[in-house]
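Protein chains: 2
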Amino acid sequence: MITARRTVFFISDGTAITAETLGQSLLTQFNHILFEQITLPFIDTAAKAERAVNQINMEARQTGLPPIIFSTLINADIRSIIMKSQSKFFDLFEVFIDRLEQVLNVESSHTIGRYHSFVSNGIYDVRIDAVNYALGNDDGISTKNYDKADIIVVGVSRTGKTPTCLYLGMQFGIYAANYPLTEEDLFGRYDELPNVLIPFRKKLYGLTIKPERLHRIRSERRSQSRYASLHQCQLEIAAAETLFLSEHIPYINITTVSVEEIAATVLHECGLQRRVL
Amino acid sequence: MITARRTVFFISDGTAITAETLGQSLLTQFNHILFEQITLPFIDTAAKAERAVNQINMEARQTGLPPIIFSTLINADIRSIIMKSQSKFFDLFEVFIDRLEQVLNVESSHTIGRYHSFVSNGIYDVRIDAVNYALGNDDGISTKNYDKADIIVVGVSRTGKTPTCLYLGMQFGIYAANYPLTEEDLFGRYDELPNVLIPFRKKLYGLTIKPERLHRIRSERRSQSRYASLHQCQLEIAAAETLFLSEHIPYINITTVSVEEIAATVLHECGLQRRVL
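Protein sequences, first through last, are from chains A and B.
Under this note's numbering, read the first sequence as residues 70 to 346, first letter to last.
Under this note's numbering, read the second sequence as residues 70 to 346, first letter to last.
No lab work stands behind these hints, which were simulated from the structure alone.
Here are some chain B residues pointing at chain A (derived, C-beta under 10 Å): (1) Ala73; (2) Gly83; (3) Thr84; (4) Thr108; (5) Ile137; (6) Ser178; (7) Val328; (8) Ala333; (9) Arg343.
Since the model is a prediction, treat every value here as computed from it, not as a measurement.
Here a beta-carbon is modelled for each residue, glycine too, at the ideal position from N, C-alpha and C.
Bound-form chain A, shown alone:
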C-alpha cells in the first residue's frame, strides 16, 4: 500500500548508471513510498547544473517536499551548485573517496569515470565482441566456435538461454554460446548428451523452469500447439533435468529469478573470470 510520494533525482557527470543502480537498491527498502524518479546524466557544466537546480526547486515547490538527490558528481564546483538546491543530498561518491584516500594513502584523481570505449584500436570492446559472439552462437545456429566459448548454456526452448548469454557478454565480457535441447536430443537417445556437446561437457550449464510457466510462455507464442501444451512442457523439462543430473551438468531453475541473478550465479558456480574491469 502506497502511503506517500517523493521525487528522487539521480545526478551525475556521466551516464548516471552508478547513481541509479545504488539509489534504486536503496529505494527498494521503502515499499510504501512511490518514488517519482528523474535521471539527469551528463551534468558537466555550471550552466547545466543551474538548470538542474531550477528543476529540483520546481519539484520542491510543486510537491511541498525537498526531493532526494542521489549524486555521483565528481567535480566539486558542480556538486556545490547542486547542493544549494532545496533537496536532501546523498553523495554516493565523495563520502567513500575521502576514506579510500586515507586507506590507500594516495590522493584520488577526481576525474570523471571513463567506461571502456565502444571500439579501441579498431577492435571492438571485449564486451561488444562477447555480445557478437553470443548472437553468432545463439540457439545452436553454429557449433563450430564452441572451443572459444567460456560457457555453453543448454536448455529446452524458451528457458531464457538467449538473454542469459547476452547479459553474460554485455555485463561481464563472457563468451557464452547456447544450444537448444530438442525433442530429438531429449527423446532420441535417452539420457545421453548430443554428440556435438560431448567434447565440451565441462563448459555446459543448464537452465530449467517450472513446466506450468513454460506452458504459459510458449502459449504466448503458439497457443493451442503441441509445442505449448502443458504435457509437452512437462515431458521436455523432466527429460532435460534427468540429463543434467545424469551428466553432472550444473543447472538453475529460472522460474522466479532475474537475468542478473542467473548470470551472477553462472559466473560464480562455474568460477568464470569476468573480462571487464
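We have chain A already, so just place chain B on it with the hints.
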C-alpha cells in the same frame, strides 16, 4: 604507472552487481594502484559469511595488507560477521539507509533487494521482452513492428547499432529497432529517407563513427574488400551524416564512447521513459 597493489572484495547477499558498479567507479579514481578484484555474491548465511572471512583473512596474510571490502549486505548478522575480518570495510548501503529513514520518516524493510523476475504470470519481464524485440527487429530484418518501437537506430554497417539496441532493452526496457543504411539508401536517392522510415521520422536516432575506425573494424571482418576500404567508409559516413543533418535526425559519434554512454545519451536526448524501475 602502477605503484601498489591491493585486494578488493565485493560482497552482497544478492548478485553483488550494485557493489561492483559503485565500487569500480570509486576505484577508477586511483589510477596508480592495481586492484585484485574478487566478487562474493549470494552471501546469505552465517556459514557462507564465515568462509568469506577466511578468504579475506588469507588475503590479508598473503598480501600483508587488509583488503578493501565494498559491501551491500543488508542482513545485520551477516554484516557483523564480515566486519570482524581483517579488512577495511566500506558499507555502501547502511550509511545511506539510516539517513534515508530519517529523511523519509519511515523504517526501511531491510529485505534483500529483489530484481524483477525473468518471467511473471507467464509473461516475460519487460526487459527480456525488449531484448527479444531488439533481436527480432535487428538490422532491418523486419520493419513491420516499427509502430511498437520506442526508437529506431539508424547507421551504416558496423556502427554499433545492435549492441546499442540490446543494451537499451536490457538496461532500460526500451523497445529499440535498428535499420542499416545501405548503399542503395544512401546513394540511390540522395539526401532522402528510405521510404520505410518516413512514417517513423520522429523515432529515428543516428549512429556515426570516424571513417578510419570504421575502416579498421570492417577490415577485421572482410579485409581487402571494397566494403572495408577507407574510401568506401568515408563515402558512406559522409552520406549518412548529410542525411542526419538534412532530415534533422539527432545522432552521436560513437568513436570514443561506450555502449552505456550511447544508451544513456539516446535515452536523455530523446526524452524516452525507461520501463524498468
